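Chemist: Given next are the chains, with one letter for each unit.
Protein chains: 2
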Amino acid sequence: MKLDVKDIFEKKEEFEGKEIVLEGWIRNHRKQKDFGFIDFNDGTYFTSVQVVYDNKLEDFEMIQKLKIGSAIKVVGKVIKSIGGGQEFEIETKEITLVGDCPLDYPIQPKRHTREFLREEAYLRPRTNLFNAVFRVRSVAAYAIHKYFNDNNYVYFHAPIITASDCEGAGQMFQVTTLDLEKVAKSGKVEYDKDFFGKQAALTVSGQLEGETFALAYKKIYTFGPTFRAENSNTKTHASEFWMIEPEVAFCDLEGDMDIMEDMLKYVVKYVLDNCQKEMKFFDSFVEKGLIDKLEKLINSKFTRIDHEEVISILKKADVKWEFIPEYGQDIAKEHEKYITEYFDGPVFIKNWPKDIKAFYMKQNEGGKTVAAVDLEVPGAGELMGGSQREDDYDKLITRMNEMNVPSEGLEWYLNLRRFGGCPHSGFGMGFERLIIYLTGVDNIRDVIPYPRTPKNCEY
Amino acid sequence: MKLDVKDIFEKKEEFEGKEIVLEGWIRNHRKQKDFGFIDFNDGTYFTSVQVVYDNKLEDFEMIQKLKIGSAIKVVGKVIKSIGGGQEFEIETKEITLVGDCPLDYPIQPKRHTREFLREEAYLRPRTNLFNAVFRVRSVAAYAIHKYFNDNNYVYFHAPIITASDCEGAGQMFQVTTLDLEKVAKSGKVEYDKDFFGKQAALTVSGQLEGETFALAYKKIYTFGPTFRAENSNTKTHASEFWMIEPEVAFCDLEGDMDIMEDMLKYVVKYVLDNCQKEMKFFDSFVEKGLIDKLEKLINSKFTRIDHEEVISILKKADVKWEFIPEYGQDIAKEHEKYITEYFDGPVFIKNWPKDIKAFYMKQNEGGKTVAAVDLEVPGAGELMGGSQREDDYDKLITRMNEMNVPSEGLEWYLNLRRFGGCPHSGFGMGFERLIIYLTGVDNIRDVIPYPRTPKNCEY
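Same order as they appear, the protein sequences are chains E and B.
Heads up, the first sequence is in this note's numbering, so the first residue is 319 and it goes up one at a time.
Heads up, the second sequence is in this note's numbering, so the first residue is 319 and it goes up one at a time.
Do not rely on the hints blindly, as some may be mistaken.
[What the hints assert, rightly or not] Quick list of in silico lysine-lysine cross-link-like pairs, DSS-like style, CA-CA up to 27 angstroms: (1) B:K686 <-> B:K655; (2) B:K506 <-> E:K516; (3) E:K619 <-> E:K598; (4) E:K506 <-> B:K773; (5) E:K320 <-> B:K619; (6) E:K675 <-> E:K655; (7) E:K638 <-> E:K553; (8) B:K773 <-> E:K511; (9) E:K385 <-> E:K349; (10) B:K464 <-> B:K329; (11) E:K503 <-> B:K464; (12) B:K391 <-> E:K713; (13) E:K324 <-> E:K587; (14) B:K506 <-> E:K506; (15) E:K511 <-> B:K553; (16) B:K500 <-> E:K511.
Don't read these hints as lab results, they were simulated from the structure.
Note that the coordinates shown come from a computational prediction; the quantities given were computed from them, not determined experimentally.
Construct the entire structure; sequences and hints are all you get.
Modeler: This is the structure we're talking about:
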């Protein structure tokens with residue numbers, strides 16, 4: 319019976335004493351004179367299973383020569399482990415070499431730096447660290463889909479190539495089928511001959527399109543790639559990243575925060591429950607106290623506080639700030655950190671000065687602030703940002719004019735306010751930020767399989 | 319208690335006699351002298367719920383003026399319906415207008431053509447047809463994630479922007495931050511100044527990168543957008559579409575077909591079970607016999623037959639072909655149709671002539687064919703395509719040379735054959751093809767929220 323290693327770990331009792339077949343790779347190989355141990359991993363489970371063999375096997379000599387990284391097939395019996403360190407092991411009946419691996423194989427059972435592994439990105443999921451990271455990524459993605467599905471949301475595929483919002487958006491990637499050599503030679507750019515007959519670019523957000531579906535299905539979410547052509551080389555910026563953008567009709571800012579809090583707790587709990595080995599590994603080797611941090615989040619009530627009050631708290635604080643906190647201004651990383659420590663938990667900062675926020679956010683009474691919110695979490699800073707959307711047609715178009723957002727091409731967006739409009743809200747969560755928060759792995763390059771950053775587009 | 323309409327339909331008993339609050343939109347409004355009926359839909363369920371009100375309400379006159387498309391809030395009681403056509407209805411206690419809608423609102427309770435609705439794509443999910451299509455799309459996506467998650471697959475996010483396979487690939491979209499006007503003016507293209515320091519494009523497939531993860535996790539799948547800059551205006555081509563690409567280590571072509579068959583049956587069954595109203599609607603108004611077709615698929619054993627045998631059958635057939643079937647050649651749509659009718663069910667056509675297939679497919683003994691497979695389903699033609707991958711380093715590189723595929727830049731791909739390589743297989747399924755098959759809606763423009771096709775990139 320062919321099995322995944324995961325099945326054995328999760329149903330030990332069922333398979334004990336049974337003959338099984340496993341296919342996977344050699345992570346490590348310790349040889350004694352008359353017997354040997356193979357750390358066998360097939361990728362379906364974090365922990366390797368120990369495969370034990372001895373010289374009674376016909377192929378003993380061949381087996382002893384098997385190298386790390388090789389693909390093998392093992393026929394054996396699941397037995398209680400005699401040695402310490404594992405509950406069960408595989409007593410070998412037969413081992414077949416499926417695919418050899420040379421001695422210069424880069425992934426050896428020793429510590430490799432993350433920088434080295436970034437250079438060998440296609441092999442890094444074969445290491446404990448990255449195997450754990452990308453499994454958590456997969457499980458977290460599933461948790462997100464499950465959360466929204468179970469709560470009656472429709473999954474909306476926002477367009478990736480877009481012609482909205484193109485003009486003058488310097489941080490967008492242009493998409494074209496024009497032959498650039500010909501453009502250079504002819505001396506002119508003929509967009510009427512481009513694939514779409516006009517300038518097109520990669521989306522930076524599916525929100526505006528998401529609103530159109532929220533006003534049909536009430537509750538929708540996107541989960542797809544988004545792009546920023548920002549020329550910044552930091553630990554938290556990638557040019558291509560995945561984003562989750564829920565949008566909900568008949569929902570105000572308070573309701574929006576309810577969803578943000580509920581969803582985050584659900585996903586964190588789901589990952590803790592379904593990636594126990596991986597999370598223990600991160601807790602031991604990447605971020606001490608990680609599991610405590612996450613469990614505390616699940617059990618905390620998130621603080622909700624106005625931006626103005628936050629500034630007051632920061633101003634009163636006995637701290638020498640690098641950036642002086644100011645009413646009407648954005649807050650800096652040091653302020654985010656202080657405020658989550660001050661409240662000892664996640665903090666929703668809401669009702670931001672309108673001049674530092676986007677045109678589509680709902681203007682609060684008084685005309686100074688908008689119904690925007692950022693969620694700050696201890697140890698990670700901003701994890702999500704959202705807002706109630708301006709649903710008043712006149713206020714929206716006035717604001718667009720003030721901010722020089724052309725309404726041409728956005729008539730459909732404006733019309734959502736005319737055709738059965740309603741209060742509606744949404745938020746965005748960068749998926750990689752979540753994975754960084756969940757794993758403690760602090761460089762975005764290490765939580766995306768093949769990261770794209772300035773001057774870097776390998777694979 | 320605020321509810322989704324879906325909750326009431328699914329738990330009628332629980333809510334009967336209870337006072338509830340609903341928020342949503344008026345789909346239709348029939349007025350009598352002393353009472354009226356509102357077809358109320360909040361988007362969470364296909365069927366509208368009937369809201370009944372009479373002149374005992376204080377706001378009776380205001381309510382009678384409510385227009386189609388308006389957003390309203392209803393406070394009322396769930397009661398057994400007196401009239402026919404529905405099991406229950408809402409007895410109104412209070413109706414509040416949330417967002418008005420003008421009389422020239424394009425979506426009226428009458429038949430609109432799909433062409434008209436394509437022009438108003440942002441409003442079309444408010445119609446029965448598109449509401450059903452995009453809900454099925456969402457549910458099918460969830461079913462796919464659930465299937466792979468439940469079977470120990472890791473969800474792999476393949477890169478969207480890629481520098482592999484760029485040179486000379488005429489059907490790819492180029493991604494750039496070069497200012498085209500400046501390129502035209504300067505007369506030269508300086509890729510070293512482009513964002514990635516070289517030419518980059520949108521991915522046409524995540525398979526090659528997927529293989530790297532399959533050789534770490536054994537079972538992975540991608541589910542993300544892919545792109546073709548193909549200048550063809552047909553019902554089945556879009557420039558941006560979503561694709562599912564599973565890849566499995568230690569899996570040969572037979573195993574690949576097992577997965578394809580199992581996954582498809584699972585997804586079809588999941589959608590039939592979870593979108594009953596929508597599927598009945600399609601069966602009645604879009605494709606008569608749709609549900610029978612799908613149930614038959616679930617209960618059939620898919621035929622598996624070699625390409626060569628298919629050609630023999632086609633040659634023997636008493637049919638005047640437009641395209642004469644030939645050994646060693648591809649087959650045409652008319653042949654696909656004939657062969658699924660011949661076997662009265664889905665057919666896996668396998669072992670294709672190698673010269674019409676991709677370089678990475680496993681060469682069969684004899685050197686004439688490769689271990690490729692296409693799944694043909696009745697009424698839709700090709701739904702998936704897959705292959706066992708060439709895992710022999712020497713054969714692979716020889717084939718790449720023969721087909722002029724440069725190995726430069728693909729060293730990592732080749733190395734997968736050196737570092738613990740193993741038989742592995744995978745397939746691709748165009749998500750929109752699946753939705754077309756599931757709904758009977760036969761134009762790809764009608765199963766993607768905002769389709770991108772030549773000269774068309776709206777929203």
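Chemist: Each of the hints needs a verdict: does it hold here or not?
Modeler: Results of checking the hints against the structure:
Pair hint K686 (chain B) plus K655 (chain B) holds up; C-alpha atoms about 26 angstroms apart against a cutoff of 27 angstroms. For a cut-off of 27 angstroms, the pair hint linking K506 (chain B) to K516 (chain E) stands: about 22 angstroms separates their Cα positions. A hinted pair counts as satisfied when its Cα atoms are at most 27 angstroms apart, and K619 (chain E) with K598 (chain E) qualifies at roughly 25 angstroms. Restraint check for K506 (chain E) and K773 (chain B): satisfied, since their Cα atoms lie roughly 19 angstroms apart, inside the 27 angstroms limit.
A distance of roughly 23 angstroms separates the Cα atoms of K320 (chain E) and K619 (chain B); the hinted pair therefore holds under the 27 angstroms criterion. This hinted pair checks out: K675 (chain E) and K655 (chain E) have alpha carbons roughly 21 angstroms apart, not beyond 27 angstroms. Restraint check for K638 (chain E) and K553 (chain E): satisfied, since their Cα atoms lie roughly 25 angstroms apart, inside the 27 angstroms limit. Proximity of K773 (chain B) to K511 (chain E) is assessed by CA-CA distance (about 9 angstroms); at most 27 angstroms being required, the pair is judged to hold.
Annotation: proposed proximity of K385 (chain E) to K349 (chain E) holds, straight-line Cα distance about 11 angstroms (limit 27 angstroms). A C-alpha spacing of about 24 angstroms is found between K464 (chain B) and K329 (chain B), which places the hinted pair at or below 27 angstroms, so the restraint holds. Restraint check: the Cα-Cα separation between K503 (chain E) and K464 (chain B) comes to about 52 angstroms, which exceeds 27 angstroms; the hinted pair is violated. Between K391 (chain B) and K713 (chain E) the alpha-carbon distance is near 23 angstroms, which keeps this suggested pair within the 27 angstroms criterion.
With a CA separation close to 20 angstroms, the supplied pair K324 (chain E) and K587 (chain E) stays within the 27 angstroms bound. With a CA separation close to 12 angstroms, the supplied pair K506 (chain B) and K506 (chain E) stays within the 27 angstroms bound. Between K511 (chain E) and K553 (chain B), the direct Cα distance comes to roughly 22 angstroms. Compliance with the 27 angstroms bound is thereby established for this hinted pair. Annotation: proposed proximity of K500 (chain B) to K511 (chain E) holds, straight-line Cα distance about 18 angstroms (limit 27 angstroms).
Hint 11 from the list above is the single one not met by this structure.
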